[in-house]
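Engineer: Just so you know, the sequences run in chain order A and B.
FYI, the numbering for the first sequence is 432 to 707, going by the working numbering.
FYI, the numbering for the second sequence is 5 to 411, going by the working numbering.
Among the clues, some could well be false.
[Claimed, not checked] Keeping only pairs whose Cα atoms sit at most 20 Å apart, straight-line, the calculated SDA-like set for lysine to any residue is:
id : chain 1 : residue 1 : chain 2 : residue 2
1  : B       : Lys36     : A       : Val619
2  : B       : Lys130    : A       : Gly453
3  : A       : Lys498    : A       : Ala487
If you are wondering where the hints come from, they were derived from the structure by calculation, not from laboratory data.
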Amino acid sequence: MAVNTAPRAAFLPSFAWFPRYGELLRTLVRRELRVRFKGSALGILWSLLYPLAMIAVYTLVFSVLWKVTGNIPHYPLFVLAGLSVWGFFQASLQLGATSIVMNGDLIKKVWFPREIVPASVVLAQTVTIGVMLAILIPVCLIVEPANLRTVALVIPIVAALLCLVLGLAWLFAVANVFYRDIEHLLAVVFLPWFFLTPVLYGLDQFSAASSHRWLIVLMRYGNPVTPYVEGVRAVVLQATVPGVTLLLYIFLVGPLVALLGLRVVQRYEDRLAIEL
Amino acid sequence: MSERAAVAAGEIHGRGLGRVFAIRLAQSRSLKEALLRRQLPRTRELWALRDIDLDVSPGEAFGIVGPNGSGKSTLLKLLAGIFAPSTGTLGVGGRVGSLIEIGAGFHPEFTGVENVYLNAAIYGLKRDYVDRHLDEIISFAELEAFADVPVRTYSSGMYMRLGFSVAMHIQPDVLLLDEVLAVGDEAFQQKCYSKIWEFKESGGTIVFVSHDPAAVERVCDRAILLEQGRCIESGGAGDVVRAYHRRIVQTSAESVARSDGASSGGAVRVHEVRAVGGDGSVRERFTEGEPMALEVWLYAEEGLDQGRVTLGFRDSGGQTLGSQTVDRVRLRPGRLERLRLHFPGLPLREGRFFVDVGLASADGERHLDHAERALELSVFGQDPGGGGSIRLGGTWELPAVDGTSDG
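Please build the complete structure, drawing on both the sequences and the hints.
Structural biologist: Laid out in structure tokens, this is it:
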């Protein structure tokens with residue numbers, strides 16, 4: 432256990448622990464699944480209830496009453512695609528940010544690779560996005576069989592999203608050990624963040640899109656989750672392959688943020704046990 | 005910079021180990037405040053350990069003694085890899101099992117069984133290994149009835165039993181033991197010590213930290229004495245423990261001399277008096293009738309062959325309530341020795357009480373040392389109907405008022 436612990440702060444993060452601590456990661460993911468979903472299929476269904484209810488409300492307000500979604504086909508599916516990404520993103524980060532502090536007792540007293548704790552929370556959350564996509568994709572294929580040509584791309588895009596979320600969860604989890612109000616700040620930031628992310632609308636849908644090009648670019652690339660929302664939606668619902676810039680962004684930013692996050696956890700690992 | 009050297013399983017090699025901590029002077033942990041003040045919290049450096057060398061071979065038991073804050077736990081945490089040394093090199097070979105604090109590696113919301121799996125996974129063991137040994141682990145910990153209960157409901161003794169059992173069953177090469185053993189009841193402690201002995205006999209390496217030097221002497225072959233992060237004595241466990249006792253007695257004699265002006269630092273002394281609850285905790289507050297013990301620590305530079313110890317209670321008014329004497333107390337030279345007076349139920353009622361200790365020669369002629377009001381106890385009542393200072397503790401037998409029998 433203690434042999435290969437000490438200075439792991441090389442330039443590139445280390446993955447040497449994985450074979451030995453895979454079991455621990457599995458144990459913690461299993462626990463997390465049980466805590467979040469009460470370990471049952473019904474528990475997972477319950478976790479779907481909220482997004483489905485929200486989709487109904489958004490559709491009612493924006494599509495039926497306000498009628499601002501005229502140029503978006505299959506609006507409920509459009510929202511579901513966005514929510515699957517956003518819901519996973521938000522829940523993972525919120526739970527991930529507190530994960531190291533919450534598991535302080537473990538971390539203070541025994542050594543194991545600290546990155547496992549936030550990772551287990553995030554990996555458990557993949558169940559939600561998995562289930563939502565499992566509902567969304569067949570429906571999309573039925574209403575628009577052309578999606579069959581692009582839908583396989585959802586796998587690498589979600590994998591890159593997982594990298595992004597893991598990386599951010601690692602960063603926030605470490606930061607929250609040093610500044611305990613980060614989890615509260617996050618909770619406050621997530622609501623405006625949600626509205627700035629094109630879940631309920633599409634960025635290109637606005638009439639202002641042509642006159643405020645830079646604003647659209649900023650909203651698209653300044654918000655790390657936006658390209659993933661657009662990417663998933665494009666390949667699942669719109670039967671299109673995202674543009675090169677978007678693809679580059681998706682497949683570069685996610686893994687880079689993950690490496691950065693991992694590096695930060697390993698760099699500060701020594702101080703975590705002291706600060707907790 | 006520090007590095008972790010590669011060593012054979014069960015071996016520990018440390019050279020020039022030091023560890024510095026940055027202590028935050030302000031307790032604030034809020035980003036908001038840090039941003040508002042536009043400065044990071046000020047910190048101060050504190051060296052918890054300096055220039056420690058240690059070499060332990062397989063099959064050896066190594067003790068670490070020293071007063072609170074001397075760096076014992078820091079050293080143990082370095083060995084466990086929880087943090088890295090700031091200076092020096094350290095190599096710990098093989099799997100390291102640790103019982104560093106009670107409940108180390110446990111998750112309060114998990115059941116006992118789940119925690120066994122979690123703990124084993126932390127040590128890098130596979131699930132099927134635990135599957136095979138689960139019953140053994142639970143039964144050694146004597147927790148069969150509580151295996152499926154979240155451990156947050158466990159008592160500290162149960163925590164310790166589970167932790168010990170897991171640590172012993174993960175096939176460690178090196179076992180790190182902190183004070184934890186003191187928590188268990190006497191019977192389980194015996195079981196632990198024989199298990200530890202077995203482990204040592206089979207070639208396992210033990211590093212043992214304790215407040216209780218007698219335990220270190222019993223378990224360990226060699227030891228070091230730490231003071232303010234430095235090693236001030238190392239060698240055979242018995243010698244180190246004697247050096248530790250001498251130091252404790254010296255420093256306390258100095259502080260007594262400073263505070264009283266009069267030296268009581270004789271060759272035979274009452275060092276400390278403590279009250280210990282039935283759960284092993286040292287405290288000053290008790291409930292009437294609670295099981296407890298008075299613990300007296302005695303020190304005789306030259307040893308004492310036949311001593312007489314008197315322990316007595318007096319009330320807050322100074323009135324003696326009762327005392328009890330024991331003869332033929334033998335003290336080995338140059339070490340702190342403990343004796344205990346056990347009460348199945350504390351015989352005092354609500355109030356404040358003082359404990360007096362007297363130490364005399366066998367015939368009672370020569371007064372060697374005494375400590376008046378060495379300890380103050382607060383006792384909380386349970387029986388509002390009674391009176392006085394002494395708990396009588398009798399049981400009532402009432403006249404039969406059963407309606408049918410009287411006709």
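Engineer: Output the numbers, in ascending order, of every earlier hint that fails for this structure.
Structural biologist: Violated hints: none; all satisfied.
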